[in-house]
Amino acid sequence: MTGETAGVEGADIILTMRDDLLRALKRPAGDRRWAMLIDLRKCVGCHACTAGCVAENVSPPGVVYRPVFEEESGTFPKVARRFIPRPCMHCDRPPCVGICPKADKATYKSREGVSAGMVVIDYAECIQCDKCVRICPYRARGRDEARYYSARAPFVPAYETRPQWEYGRTWTRQPQSIPTGTARKCTFCLHRLKAGLLPACVTTCNGRATHFGDISDPESLVARVAKSAGAKTIRKVTDPDPARGKVIFGGSMTEPRVYYIL
Amino acid sequence: MEKTRRARGAGGGGTRRGDGISRRSFLKGSAAVLGGAMLASHAARALDLVRRAEAGTLSPDEAYALSRAENILYTSCLQCNTGCGIKVKLYEGLAVKIDGSPYSPFTLVPSVPMSVPPGEAAGIDAAICPKGQSGIQTVYDPYRITKVLKRAGKRGEGKWTTIPFDRAVDEIVAGGVLFGHVPGEEGRVVPGLKELYALRDPGAAAAMAADAKAIRGAADKGTAVAAFRERHAAHLHLLIDPDHPDLGPRNNQLVYMWGRKKGGRADFASRFFADGFGTVNTHGHTTVCQGSLYFTCKAMSEQYRGGAFDGGKKFYWQGDIENAEYVLFAGANLFDANYGPPNRAARLTRNLVEGKTRITVVDPRFSKLAAKANWYLPVKPGEDAAFFQAIIRWIVDNGKYDARYLACANRAAARAAGEPTWTNAVLLVAIGPDGTPGRFLRASEIGLAPDGKGSGGARPGDLLVAMRDGRPVAVDPNDDVTPVTGDILVDTQISGLRVKSGLRIVADEARARTMEEWARLCGIPVDDIAETARKLTSYGKRAVVDVHRGVSQHTNGFYSVTCAMTINLLLGNFDWKGGMIAAAAYNAVGGGKGQPFDLARMNPGRTTRFGISVIRHDIRYEDSTLFAGYPARRNWWPLSSDVYEEVIPSIGDAYPYAAKALFTYMGAPAYSLPAGHKTIGILCDTAKVPLYFCSDILVGETSAYADYIFPDLSYLERWEMHGSHPNMPAKVQPIRQPVIAPIPETVSVFGEEMPCSYEALLLALAERLGIPGFGKDAFGPGQDLVRPDDYYIRMVANVATDGEPVPDAGDDEVALFLESRRHLPRTVFDPARWERIAGPGWRKVVFLLNRGGRHQDYRDAYHGDWAANRYGRLVNIYQEKTAGTRSAFTGKPNPGYATYVPVCDALGKTPEAAGLSAGYPLRLITQKDVTQTKSRTITNYWLLAIRPENDVLVSPADAERLRLRSGDMVRIVSATNPSGAWDLGNGRRKEMRARVRVTETIRPGVVTFTIGHGHWAGGAADIEIDGTVIKGDPRRATGFNANAAMWTDPHLGNTCLVDPVGGSASFYDTTVNLVKG
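Residue numbers (my numbering), protein chains in the order written: chain A, 1 to 262; chain B, 10001 to 11077.
Note that these hints are calculated values from the structure, not bench results.
Every value quoted in this text rests on a predicted model; they were computed, and no experiment measured them.
From the three backbone atoms N, C-alpha and C, an ideal C-beta is built for every residue, glycine too.
Computed Cβ-Cβ distance ranges for the label pairs, DEER-style: (1) B:Glu10753 - A:Ala29: 51 to 61 Å; (2) B:Ala10832 - A:Asp130: 55 to 65 Å; (3) A:Arg41 - B:Gly10470: 53 to 63 Å.
Okay, derived cross-link-like pairs now, DSS-like style, lysine-lysine, Cα gap no bigger than 30 Å in a straight line: (4) A:Lys78 - B:Lys10928; (5) A:Lys232 - B:Lys10356; (6) B:Lys10150 - B:Lys10262; (7) A:Lys246 - B:Lys10928.
If you want the ones that stay clear, here's a sample from chain A, every Cβ over 10 Å from chain B, calculated: (8) Ile99; (9) Ala103; (10) Cys129; (11) Gly230.
So that you can see chain B by itself, here it is in the shape it has in the complex (with noise of 0.2 Å):
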């Protein structure tokens, strides 16, 4: 049998050619030179194969080679977020199967333990969806990049020279005049970043950081800032602004952004940015995502510590759906997305066939979801809060709310009750005189003394109250030793103070509309609502509400978010087997007990960053010096961050100040946000960002604008600890580890040689500026931080030691560690380094990089009726610290409780109001597809196959109505955006011209695509590199991406509509019209 020639070790066989895209040597020998002869040497092999298979003759060679354990590695998909554990299959060191872990309970329910010896599991595939099936599409693009790219044109105009790895880094180091061979630019001095990296005295900036942090304390700022100023002259010229020292250094005109990241890279990232440069502007990408989602259950996990509540967590609940008997999805698309379709259709399928779990789906699109749920309910966008408030208001007044847990006030309530949670529905919160409800009443503001004898650490002054028997008591919610429970809708008045429970205040809104008018708004007629709430009041702990996108990503998604998780309050389902639950995984960083490395603290270096960001986020603009009157210009953000489709439009403002340099990684706003063609204008600006630089696989639709592309990793030949979901039940750490040798080129940092990438770019910059953290005894005397490996092996030797630590990998393990990782080159695999490395835990490392991480057995998963890995703590269904707050916008206080609000704009308009939707008729939404990643994965052609491109949903009657029919071809318009296209710099644009499917799912009056197609970049186009051409594929370049339509805030003018508490950017709130032709 002829063999595939494979140079062994360069990246599956890619060899390298001027321009840096990796090639094959592929036609050239087999097709061309071998013709006719190897025809019939071909065919005479062939014959009587069948048989001979049969009668088991065939060679060694011959046979399957796939199932041989010595042929697989283990690690973490990363096609999606979900993070499922894969296993990938090589042949002669190529990566040319994937298939689930049969380890990972995201791919096996339940998941083979972990003492199953890897021999053993290499017979067993588990399953992954199609874009994981494809991931090899993405590893071996042809048009990834290996080499570092420099912009030789404009930004934009797609035209690039290759250059030396550490010409690239020293240019970004030290600035000047960069881009003099670009017209317009002859003169441009571009600022390097040890101009940026000014303030490196981390005792100053510790002493900096406090007295900025005062200012924002101040009521006085005049007086404040000229002490600031008094005590730091020294070093005031380090500031962006002498006179607004709260912005913090010149440090923070770095600014960083990514898309995906997930941890290990992120805690690498966060000892160079955060630790070593010293920047704020460190920011992920959230908001694109479920961002209110995540920022209302921050909101709700605040504890009450020290007087006041903070210390929320950004994270969120989600259904445990195979144990639930009832389900309410809204806004969840589990078959085609939400961490994700490997993990929570067979956790449901099999259930729902069986009758165990029924489910209802609240959409305005029959999802896949939809075609398997018992009922359907087709809710109008944007008006889901409309339809939970209704259902609140079903259970209160028909009092089916879990009474015995909302009257639990502290944790030794919640104990004695049998419940892992409690809340602060019986807490009284003091009410205006307008009616507003504001901070919880203090026992010290009407006199009352402690009732017993307190264990939660609050000062007596602090204590909050409740009513018990018509009488007040004094509650500390995290006293474990004296259980107080209270009244449940209160509503009176104590020493001529009003007061109200929390859960009074949450009855009294839902009750502010009628059934009925509740019903108009979401669309969704009375008794269907009505029987919703009665089934979810039916089986006791074991019903949830599961909400996703959907419902979060709407410019009121922070407060539909929280009807929603209000309602699982009212059930008491919280940590509950069958209920809401938390994602758990084992800890990557150390610190904790029998862990041998303790990453964070091993950094004696460090400094502290401080400063507003440039998105503005935890702070309130009132404790600012910048405050001058509503409507600010952009938003402020206490109680979000990550919110990723500020900071683009935030540089493009200046507000609160100029960047000087922007770092992007793994992410693609313009292409992924409302309106994220806004962005495209000021990144091809160079006075607004005068450096851009980029960590990328290849020339990807926002990398495309930078003036340096850094080649990275793809996911199979790099780390990161991936984390878990909120849907997942037992405790994992999926590990990503290199299973195939790099792509990108081999450079030197350090005196060590390593693949060009995210890693090695951060190193060579951190030896450049002298970023302390990186380097010789970077983690102590004797401890180098020279190389990846030397972060990520010790995280993997935390993980194996979190807890209960795993076993040793015995002999026969640690030659099979070896012997699969045969086709790994030095620069990413050296066991004896690793071992010296890892210390006693080696062959503890060995056992759990045979497995691909860390996954908790099924059976202990739950403790009887309670999930294992628990929350445990005080959830808010009254958000004191979002009271709080005010809309930098409007002026107005955010309330801090489950209600509903309209869609509408910055300023606080509706879209009509606005003038957005006249003209509009048709509400555009958006829904994900499984075949696509938002930005990343057109480049599977496998996938492409499945859906060549994708279609614009239209009901028959709005089709009647505007006369078209399937296959017509149709622009999308709005407001914001009359021409319906993309503005792609350089002249260029690109129409969102969309083929028109009619179909009866999708509920009349409203309009769907699915994101994934659409490109413009990504081998979508063709670039020039070295004066030579790169032909684009146009199949990477069909059907559309209609975020451009979305509206643009009227007030923002550069950014979509958001949420302007939760943060979500807004996809589905715009009404948009379809012109044919």
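Bound-form chain A, shown alone (with noise of 0.2 Å):
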């Protein structure tokens, strides 16, 4: 059915992207490369994606997977403005990695299955020791530090303690129970690409902006767009805070697996 719409000249690249997707679970997991790719000439700053990413997530206030930076320059009238939506970057050399104690049992570069190429964290091995937090130079990760958006109100609706489904199991976020203290980041929805489905900040993307894929696929979608226009990458961000934090392009030491299109 895909195949219908997403072949034809002008489909929407959520199908184009959602038919890369399904042909690159068939390939064996060492074949793949997952790469996400951000155009910013279409991120119109919407700030979808954050609210999409804490809502699949159910993730906590203070823990933000995908922020979007809002960057002015210029005198009036020649202004410019930039928005930049920050994920993990899933890098091939992760500094969060090598900081931990629990090196390859709390967070590793996963070699196998659906999340080979991924940063992942097993919540139940993490000491809570904040370490990758502090180091990670995009300031990616966060602390779960058990607390509830609706805390100040009558009560804590259920959503907020649902069960959820990163990693491609359920947890139930309650207090003193994982993942509530454990350090959390974006998992390119892992849970998600099991079943078949582009990463939420994907799919949710208004400006079609944020592109998924296997990028060693030449016929992917994220593989053509970045090999047509140049893909940059992340060094640093300043503050997690989007209201304060810089995004600094160009010389990136940790090989992301964010690219993005200036």
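Could you use the hints to bring the two separately framed chains together as a complex?
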């Protein structure tokens, strides 16, 4: 069915990338190379990815897997504005893994299954030392401090404690049960990939700026766009809070799997 | 795995408590009781989880549940007014995640065809905005009310008691001493609705309505009134004022106003208020949105019938930006609002990157859209018309208008020219001795006989006139047999009468000032204007001027929009692919061929409402018996309706008459209107508003002042037919349907169990008052209207059969329909009953509900180079009807053509002359932010986390002058609000204290803010229910709302500045000062 629409000229890239994903999932894990590409020319600063990610992963206050940073430059009326979503970079040389006291157990670069190539966290192994949170140059990790958005309301509604499926199993976020207390970050929506769905930030991208797929597949949209438009990577983010932080591009030391078209 | 405790079928797990606020038993069990033992168990189970997942050894319980079709229901979002199709993902009856629907062209472009089965669509999520993503926070807001609240203290004091639904309805119907417990109201007798439901005889109502209409047309009002009194002597006691029968019956003293209401609920309410109760006071909120855009386009769509222009449609056009090659956006903020980011961003970003579409953005603020624009022009606020006039002048001077299109004088000529629409650009207008254009010349006035064989229906005496090769010819604009084309720029005399063609009037007006003069007014250099005009005229019919609130919400909005739309007429782009397009929606009310339920006609006892409304719309001041010279006390609105800012202030002034009861629904005029604080004092006054009841999901900014609040269903719990928007080329009908169990309490009406809701309230009032059109056999023998679904299932059946019927759902789809609704209680889901209601169309109903509505296939949205869903009629470049009206304030005639009008107050004074601007140097404007929808999304914590508060944007030059830095706090003050505060009544105030953000993204001299923060209700402040304090959450009160700084009109005294023609509330005309500290 998707072929019917996705195959035609002018198909929504959500369908094109979904076809790419379903094709990639049929290939051996070792042959895949998941990558995300964000075309900032198309990012309209709508923050749908941020909200969609929080809703999908039931992430708590203070832990935002994918904030959108806003930049202004120039002098009126010659002004420029840019919107920069920032997920986990799923680096091939991840500092977070190197610093982890339980490297290869609590956080590690996955080598098998659908997650192969991703940086993952095993919540049960995480000793909550915060080292990874501090070392990430992209400020892409946060610690789940067991708080609720509705804490000051008359009660906490069920959607804040409902099960979610990170890493492909159910978690029910209650006080004193993991993942509260652990480090948390973007998983490329591994649980959705397993179900044949694109990451939540990709499907809800209003400007269709966010691309995802197996970049080693030259037919995939993410590979085609990366090739045609000259992708860049982020070097660092100065503060995890988009109200204060700046995103600095170029000269990345960690081999990120997230690319940008500026 | 430990499972969350969840009471199925109780609103996603809400339990009740006495105060009527829903609550989940959450921490009591899991955290406090289970403690350490469960921790160990959790940890053990979590061991090696990633690896186990990879190995595929997860139990079914652990697998992702949200992509399974049986856990997904399709409906329509209402976090703003776009109505994107959404898929709501459920887990054990709880809505846990919302995504865009692949069936909806608002969220997937192109959308998947309706033929795709829901089982396949389950695997495709489409795009929605952050508000859509956060919708469950509106629905499961801990501050929602579940029981009827009755005021226990003074209006707005925040003290309530819960009372049984039936008692509340009885009290509203019967009236009496209802608030004897409130100091000062011990003896106050509240009028009940049974007293206001005065005229109950439909026959008498129809006869009186006809005679009241005759009074309007009568030159001698005294004689006409006397005749009325004589003929209706038996019923005069039912009138508001027997000396002014044109005010209508006392029924009109029930006033109903609403904020966000869509099809379905609108029709249901119309059946109650208009056709049943018989009040003319049913007023929407159009003018707080983009009123003058609507009413300009209404004026441009008036059709020539029976010798006059009438029947205009309240609607507007937008650009088909997906196919346009050049778009001039003015005052349009499509990446933050504008129906809406998921729809319009997806249609534009790709084209921009590929260079297929180029855009210019005209805005005093460097918006997100400007950030993507090829060209940006920072216009002065309120001077859009000067910019447009310069463009018109350039186009005329350079002969770059579409002459072939504009020459067409009737339908036949348009057809011959290959045009879907035509204009009155070549028709001749009589010019008065002072040069003022008046009516179109009638052929009979110059003794001209019909030329061809007319087919448009006009009587020979009513034919209009065009000039062809210097010779007058008679024209019927509707003639589809004999093409008539005319000379375009005519200015001549016929039989001693001075006449000009419509286009000539427009051209002369644009030439009234030089390009340099226009440029000075709008603040954009001549070269930039000329370059913009050149671009606009370089892409044929694939260039558009797309305008929205930024142009319309000024005191001159009507004429500024007229100027913009006139440019589109010069381009001849209406109904063309890539041009200006109109909305198209599948019909839900029935009456079409093959549709089973003609709902408007299925109402044998309907009455005829008549009289002048409290906002005095749809009538000229001069035609009323209240005419007493100029200025009128308040405005009259012959061209506009739903003038939101007029409703409560008019009640406050008792002009034209006092209201007795007010009902509001899903609106927050106090918060959303400029100078909205002025409504609060009126609402608090029980003499001016003796009874105020409302329907709301929480105690909101305006419902906080009510006597009774009836809990309503949120958008995931109820029905509506959302309709479409003018930027959507495909024909659609998004259907909003219950997807979760209702959260309000269950009530009984007509012997039926249903959730307390807007519909339940109206049904109960109808039951008590005996209003026809509801109850047993209300639709006809054997067809009852005793439940909401009696109405809405019939509507769905109508949508399914509008035009080519949709297919029947197969057995597998029926099974999925039932399975995916397994969590819904009988009070909102009763398939056996629904099947009986729908009759033979039942499986088509299932087909549509399984997809959340009906959407035309993307490939069918165009016919060649034309839009498939066309307007297809006359578009007025000259508005004769408008020219036949006068300002009720000044008595001057309103121009019927594109013209420049400066910003001014009701009496026509500039702000300087009215003494409003001296000492207040900064122009205050406002804009939407994608994370907030005016009054009603502050409850969404995920959105609040993205923008915890708003700020006032100040240019570096202004900041330096005022010695302000980013982060400083300032009070926003104006001439009509020098203290910079909201008076919330009962001694409560809220200051407009704003955090400054210094930015290069705003034109110097202008400051702006986003609407959405600065709340005082809806969980932002403490309230007391049944003696228990419900603590507010201070996060909901952050930021500010500067609406109260916006000017109060000096003449009106209790209303913002208004566009006296198009009705818009002025949002962008006030000047303010920022006071540090």
